[in-house]
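Each chain, written out:
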Amino acid sequence: MAHIKETRRELALECCLLAGKIMMESGAETYRVEDTMMRMAVSQNMMNAHCFVTPTGIMFSPSDELATRFVRINSRRTDLEQVALVNAVSRKLVSGEYTLQEAYEEMQIINKTDYLFSMKLQVLASAIASGCFMILIGGNWSDFPFAFLFGGLGYFIVEMILAQTRVKIFSEFIGSFMVAVLASLVVNLGWGTNLDTIIIGSVIPLVPGLLITNAVRDLMAGHFVSGLSNGAEAFLTAFAIGAGVAFVLSF
Amino acid sequence: MNWLLEALLSFIAAASFGIVFNAPQKTLVSCGLVGMSGWLIYRAYFLAFDDSVQASFAGAFAVALAAHILAKKFKMPMIIFSIAGIIPLVPGSKAYNAMRNIVENNYLEAIAFASEALMVSGAIAMGLVFAEVLMQLFFKQQAKRMQKKSA
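Protein chains in written order, with our numbering: chain U, -1 to 249; chain Y, 790 to 940.
Hint data in this document are derived by calculation from the structure and do not stem from the laboratory. Certain hints may be false.
[As the list claims (entries may be wrong)] If the Cβ cut is set under 7 Å, some of the chain U residues that face chain Y in the computed set are:
#, residue
1, 78
2, 79
3, 127
4, 188
5, 247
[Claimed, not checked] In silico lysine to aspartate or glutamate, DMTMM-like type, Cα no more than 25 Å apart, as pairs:
#, chain 1, residue 1, chain 2, residue 2
6, Y, 864, U, 157
7, U, 3, U, 112
8, U, 110, U, 194
9, U, 90, U, 33
10, Y, 861, Y, 921
11, U, 90, U, 104
12, Y, 933, U, 100
13, U, 110, U, 8
14, U, 3, U, 157
15, Y, 862, U, 95
16, Y, 864, U, 23
17, Y, 864, Y, 921
18, Y, 815, U, 104
19, Y, 815, Y, 921
20, U, 3, U, 100
21, Y, 815, Y, 839
22, Y, 864, U, 104
23, Y, 815, U, 112
24, U, 118, U, 23
25, Y, 864, U, 33
26, Y, 864, U, 4
27, Y, 861, U, 104
28, Y, 861, U, 33
29, U, 90, U, 103
30, U, 90, U, 4
31, Y, 815, U, 95
32, Y, 862, U, 104
33, U, 90, U, 100
34, Y, 864, U, 95
35, Y, 861, U, 23
36, U, 110, U, 95
37, Y, 861, U, 95
38, Y, 862, U, 4
39, U, 118, U, 157
40, Y, 864, U, 8
Idealized CB from N, CA, C, for every residue including glycine.
Sequences and hints are given; from them, build the entire structure.
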């Protein structure tokens, strides 16, 4: 009997850690990850559980007797669908709709499945977003095709270089650099009219919106370590984009 | 520019950001609506009072309110709806102008643009937080009322 109880608690521990890991890897706020993990732990009768989540690792101490566990988070990307799915599973586990075993299996399926939209669709979406945004900030309709093209291209370049090198700041620098080069080329050839709005529109898909909102949310919720590191990442990204554009404009 | 066109463009832009961030498919339209409400309120405030800091605050506030309501409705984390709506408010052109002036050695002008960009970012952050606190207070009150009724 004691043995069964022990494995059950091990499973609950695994389940909490897996939920936290998936959520953190797909870009949820730190305070939400901690909240979800604690709710799941309490629903599994781990009253003394403590967890400490940072953007690069999760520490989770289930109770006085069980050992503290640690998970490293290596890659982070934005995948809001996974956040929503894990959130739904944890809700069902807490409300008693799922048993622990079911929740764990569901979580493993979520972890293995790739929910991302196809690359083509993502590039198309960022192209459309760039074009629309260029008009919104007061660009000319005649520049629309250029913002559309360069917005998609910039996003594509960043994703490709990121997949190859895994250095985020470098890929963003090259992406915005290429956008600025192409935009100034088009304007110098006389095809485009307003260099500023074309560049601003085209780099907007690279803007670290998720990081900024998460940093603010975490700082306000009292998670200073995560807030500051998210803020640092957002600042580095913004700096890389700015440097890429500035490099071209300085000629 | 006319309002209908701006509404349409901001809707499409925000929904596209939803795709880039891989929001769940059934929420894409709502993401677009959140972005549209945020942008329209930002523009309306800006045209009425000509202050981009306050306008950004109003826009971010609207985005967070709408995101909260939708999060309750869909039973999903609020972050899914708010991110796509926040991006159009980010002071991209001010940051760009600041950088451009630095490159052209106009440091004084660059400082003016950079501090404006900083103020706008701060205003967006404050808007998000204020709306969140307000909604939490509101939902707490509502929960209390429900408890009293059932008791």
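Now the hints, each set against the structure:
no.	hint	in the structure
1	78	holds (5 Å)
2	79	holds (5 Å)
3	127	holds (4 Å)
4	188	violated (21 Å)
5	247	holds (5 Å)
6	864(Y) <-> 157(U)	violated (31 Å)
7	3(U) <-> 112(U)	violated (34 Å)
8	110(U) <-> 194(U)	violated (42 Å)
9	90(U) <-> 33(U)	holds (15 Å)
10	861(Y) <-> 921(Y)	holds (13 Å)
11	90(U) <-> 104(U)	holds (11 Å)
12	933(Y) <-> 100(U)	violated (34 Å)
13	110(U) <-> 8(U)	holds (21 Å)
14	3(U) <-> 157(U)	violated (46 Å)
15	862(Y) <-> 95(U)	holds (20 Å)
16	864(Y) <-> 23(U)	holds (21 Å)
17	864(Y) <-> 921(Y)	holds (16 Å)
18	815(Y) <-> 104(U)	holds (20 Å)
19	815(Y) <-> 921(Y)	holds (24 Å)
20	3(U) <-> 100(U)	holds (17 Å)
21	815(Y) <-> 839(Y)	violated (36 Å)
22	864(Y) <-> 104(U)	holds (18 Å)
23	815(Y) <-> 112(U)	holds (17 Å)
24	118(U) <-> 23(U)	holds (23 Å)
25	864(Y) <-> 33(U)	holds (15 Å)
26	864(Y) <-> 4(U)	violated (33 Å)
27	861(Y) <-> 104(U)	holds (23 Å)
28	861(Y) <-> 33(U)	holds (17 Å)
29	90(U) <-> 103(U)	holds (13 Å)
30	90(U) <-> 4(U)	holds (23 Å)
31	815(Y) <-> 95(U)	holds (23 Å)
32	862(Y) <-> 104(U)	holds (23 Å)
33	90(U) <-> 100(U)	holds (10 Å)
34	864(Y) <-> 95(U)	holds (15 Å)
35	861(Y) <-> 23(U)	holds (24 Å)
36	110(U) <-> 95(U)	holds (23 Å)
37	861(Y) <-> 95(U)	holds (19 Å)
38	862(Y) <-> 4(U)	violated (38 Å)
39	118(U) <-> 157(U)	holds (12 Å)
40	864(Y) <-> 8(U)	violated (29 Å)
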